[in-house]
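Undergrad: Throw the hints in and build the complete structure from the sequences for me.
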Amino acid sequence: MTPIVTAGSWKQLSIDIPLSGSYNGYLLVIGCSNPSATDAYFDDFRFHPLSELITTNVYEKSTGLTTYTLDANNFYMRNVYDNMYRISSEYKETITGEIKMNDYTYNYGRGN
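As numbered in our numbering, residues 1 to 112 make up the sequence shown, in order.
For the record, the hints were derived by calculation from the structure and aren't laboratory data. It is possible that some hints are incorrect.
Said to hold, decoys possible - Below, in silico cross-link-like pairs of lysine-lysine (DSS-like), each with a Cα-Cα straight-line distance of 25 Å or less:
| id | residue 1 | residue 2 |
| --- | --- | --- |
| 1 | K11 | K92 |
| 2 | K92 | K61 |
| 3 | K100 | K11 |
| 4 | K61 | K100 |
TA: Now the structure itself:
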């Protein structure tokens, strides 16, 4: 198990699962339990070979727009859209919290 990374109120836990021999017939069962009376939420489960880096996307169901892109370290880039479905702001998650990366303004003027 790798060290736990904290970002804001979230904790990131990475676990290496060693497999040997043929992968055919293996069943991987993952479970989470919380013996505490305090609520706990688990999300963003990703499985991939250790030798590969992946990114994942989260889409808004009603529009199909990409709202979050998770990088190889499972930190997000969040897109905010205006009422015309154009990206208006981008935010990045870091160890210390979320920071604004970009603001976009669209100006459509008349050509001369």
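Undergrad: Taken at face value, is the distance from the CA of K100 to the CA of K61 at most 25 Å?
TA: holds (24 Å)
Undergrad: Given the proposed pairing of K100 with K11, does the C-alpha separation stay at or below 25 Å?
TA: holds (21 Å)
Undergrad: With the threshold set at 25 Å, check whether the alpha-carbon distance from K11 to K92 stays at or below it.
TA: holds (16 Å)
Undergrad: Checking one constraint from the list: CA of K92 to CA of K61, max 25 Å. Satisfied?
TA: Holds, at roughly 21 Å.
Checked against the numbered hints above, the structure violates none of them.
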